[in-house]
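Protein sequence lines correspond, in order, to chains A and B.
Just so we're aligned: 363 in this note's numbering is position 63 of the first sequence, and the numbers increase by one with no gaps anywhere.
Just so we're aligned: 79 in this note's numbering is position 37 of the second sequence, and the numbers increase by one with no gaps anywhere.
Think of the hints as simulated: they come from the structure by calculation, not from any bench.
Because the structure is a prediction, the values reported are computed rather than measured.
There's no promise every hint is true.
[What the hints assert, rightly or not] Simulated restraints, written as ranges between beta carbons of each label pair:
1. A:E414 x B:D307: 54 to 60 angstroms
2. B:H121 x A:T386: 44 to 50 angstroms
3. B:S187 x A:P404: 32 to 38 angstroms
4. A:R408 x B:D120: 40 to 46 angstroms
5. B:V253 x A:E445: 56 to 62 angstroms
6. A:R403 x B:N256: 20 to 26 angstroms
7. B:D120 x A:R442: 42 to 48 angstroms
8. B:E300 x A:R442: 39 to 45 angstroms
9. B:N256 x A:R442: 32 to 38 angstroms
10. B:D150 x A:P404: 30 to 36 angstroms
11. B:H121 x A:Q382: 29 to 35 angstroms
[Stated by the list, open to error] Below, in silico cross-link-like pairs of lysine to aspartate or glutamate (DMTMM-like), each with a Cα-Cα straight-line distance of 20 angstroms or less:
12. A:K399 x B:D211
13. A:K416 x B:D211
14. A:K308 x B:E387
The C-beta atom is built at its ideal place from N, Cα and C for all residues, glycine as well.
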Amino acid sequence: MLCQICGKTAASVHFTEIHDNQMSEIHVCERCAEEKGLHTPARKHKFDIADLLAGMVDSMTTTDDDRVGHVQCERCGLLYSQFRETGRVGCAECYSAFKFQLRPLLRRIHGSVECKAKRPARDNGDVSRSRQIQRLHDELQRLVEREEFERAASVRDEIRRLQSEPPEPAEKE
Amino acid sequence: MSPDPGGLGPPRDFGELVSRASPWLSGDGPHGGMVLSTRIRLARNLNNVPFTHRARDEQLQGVVANVATAARSSPSFDHSLLLQMSDMSPLERQVLVERHLVSHELGDGTRPRGIVIASDERLSVMINEEDHLRLQVMAPGLQPSEAWSVADAADDDLGQGLDYAFSDDIGYLTSCPTNAGTGLRASVLVHLPALVILKDIHQVLKSVMQVGLNVRGLYGEHSDWMGNLFQVSNQTTLGVTERDSIESLDRVTRRIIEMEEKARDRMLRDARVQLEDKVWRGYGELRYCRSITSREVIERSSVVRMGIALGLPGLCPIRVVNELLILTQPAHLQRASGGEMTQAERNVYRAGIVRERLEAAERDAGHAA
Ligand SMILES: [Zn+2]
Ligand SMILES: [Zn+2]
């Protein structure tokens with residue numbers, strides 16, 4: 301197949317363009333693609349995802365009240381209608397602000413909305429450390445009740461040490 | 043993962059970095075004859091800064107500074123190199139894109155963006171791409187599990203010093219909801235010439251997509267699979283653990299490899315002479331060409347790669363073919379030649395590099411014999 305722009309060289313770059321709801325295929329040579337700034341399969345792939353997403357959002361919300369578009373994230377100011385256009389949310393808070401719109405969308409994309417991701421290291425370190433401190437506190441109380449003051453003192457020192465330490469690396473399972 | 047084979051130590055600047063071959067192209071990983079590389083990518087954002095496309099430049103500059111600081115105190119990023127896109131010329135940025143270190147989005151260089159590259163180039167983190175952080179691990183051959191361990195540890199390292207955007211009910215919060223949850227994209231680059239030649243590829247691609255993985259041609263689309271290279275990756279990031287995604291990619295890739303092996307066996311059995319002829323003609327064109335397009339390099343190196351994987355004697359190591367794919371791209375050529383070239387000049391220059399590399403490989407083989 302020859303390039304649709306210069307008509308001379310074999311087409312090696314292929315695009316699917318969506319325009320006015322019409323899908324058309326474009327085949328061009330590397331040189332023309334470079335000149336017209338059409339390059340890179342990676343970039344094209346990205347557009348595909350955004351298109352797909354925008355399409356999904358649209359088909360989901362056409363039945364919704366128009367007011368949905370005016371829902372706004374208080375932190376970054378993004379309107380839901382802007383997310384609908386770009387497929388990108390504006391900040392972490394957007395996930396709460398658009399919760400009712402995003403949840404069904406996430407379910408459609410991923411088939412699930414259940415969080416199974418690893419926890420951030422900082423968080424993890426803190427969680428495990430605070431658990432450890434809680435355990436030591438319980439032990440300290442028991443020791444004091446039994447009047448084992450010497451051991452209680454060393455447990456108390458251990459608690460102080462943990463509380464003053466910088467966050468530790470996460471524990472690996 | 044083994045240290046830098048050249049023993050040159052970590053690169054000190056851009057010039058030193060790009061003067062050596064990317065270690066993940068070594069071809070010595072598991073199933074290196076069929077799987078070029080494995081890539082892990084983790085998307086992370088900082089909690090209190092708007093996502094990249096919505097942040098102001100000074101906020102993005104702050105993200106670059108924070109990530110660089112976190113990297114400096116991470117063992118994973120010992121001796122790493124921070125490159126700011128604004129300090130680099132468009133050509134230099136394009137070289138990084140061609141080396142798969144930097145995405146096109148990051149490479150545009152108009153906003154405060156950067157990349158921290160660990161000493162062996164297999165681990166890096168793009169700053170202010172679509173997400174504030176895109177941690178990336180590249181490994182030769184099929185090793186998703188090993189690459190994940192490196193990414194996981196580096197993520198924990200960085201996560202000590204950074205406040206990631208994370209919610210208990212979703213996970214990592216990303217600019218695009220397609221990445222929310224684990225933020226993980228694991229992919230392999232596989233070479234499937236026999237399945238393409240025998241026209242079984244569509245069936246294979248369809249079945250891969252049916253099990254929930256994504257697959258696409260690296261170059262070209264649809265019926266035009268240039269170079270017979272395919273990227274297989276996980277699709278979903280919610281409702282699955284990172285391990286789930288890694289294991290399913292590993293399992294499905296092994297299944298694809300088996301099918302490709304069967305197809306190659308069938309070709310060897312039914313058409314050995316034609317197959318060997320195709321391989322050696324491809325090699326001959328690369329070895330003696332005087333002008334060659336990048337498309338031709340991709341296509342001829344595909345048959346040569348298959349010949350090497352089949353164990354035909356006398357061909358170059360697979361590393362040489364891998365490196366040709368990177369070195370013969372436009373920005374690499376222009377940087378090597380030191381000036382702008384017309385397309386015709388570029389084809390001639392490219393041919394010179396291809397011949398030189400193969401000749402050197404033949405010389406090395408001669409010394410070894
Ligand atoms: Zn053209
Ligand atoms: Zn927001």
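The hints, checked one at a time:
1. Hint check: E414 (chain A) to D307 (chain B), Cβ distance near 42 angstroms, so the stated range 54 to 60 angstroms is violated.
2. For the hinted restraint 44 to 50 angstroms between H121 (chain B) and T386 (chain A), the CB-CB distance of approximately 38 angstroms leaves it violated.
3. For S187 (chain B) and P404 (chain A), the Cβ-Cβ distance of about 34 angstroms falls inside the hinted range of 32 to 38 angstroms, so the restraint holds.
4. Range check, R408 (chain A) to D120 (chain B): about 42 angstroms between beta-carbon atoms, so the 40 to 46 angstroms window is met.
5. Distance hint check for V253 (chain B) and E445 (chain A): the Cβ-Cβ separation is about 58 angstroms, which falls inside the suggested range of 56 to 62 angstroms.
6. Between R403 (chain A) and N256 (chain B) the C-beta distance comes to about 23 angstroms, which sits within the given range of 20 to 26 angstroms.
7. Between D120 (chain B) and R442 (chain A) the CB atoms are about 44 angstroms apart, so this pair conforms to the stated range of 42 to 48 angstroms.
8. With their beta carbons about 59 angstroms apart, E300 (chain B) and R442 (chain A) fall outside the hinted range of 39 to 45 angstroms.
9. One distance hint, 32 to 38 angstroms for the beta-carbon pair N256 (chain B) and R442 (chain A), is violated here, with the actual separation near 55 angstroms.
10. Between D150 (chain B) and P404 (chain A) the beta carbon distance is about 34 angstroms. The supplied range of 30 to 36 angstroms therefore holds.
11. For H121 (chain B) and Q382 (chain A), the hinted distance range of 29 to 35 angstroms is not satisfied, since their beta carbons lie about 42 angstroms from each other.
12. Distance hint between K399 (chain A) and D211 (chain B) is fulfilled; the C-alpha atoms sit about 11 angstroms from each other, no more than 20 angstroms.
13. A C-alpha spacing of about 9 angstroms is found between K416 (chain A) and D211 (chain B), which places the hinted pair at or below 20 angstroms, so the restraint holds.
14. Between K308 (chain A) and E387 (chain B) the CA atoms are separated by roughly 18 angstroms; this keeps the pair inside 20 angstroms, and the hint holds.
In this structure, the earlier hints numbered 1, 2, 8, 9 and 11 are contradicted, and the remaining ones agree with it.
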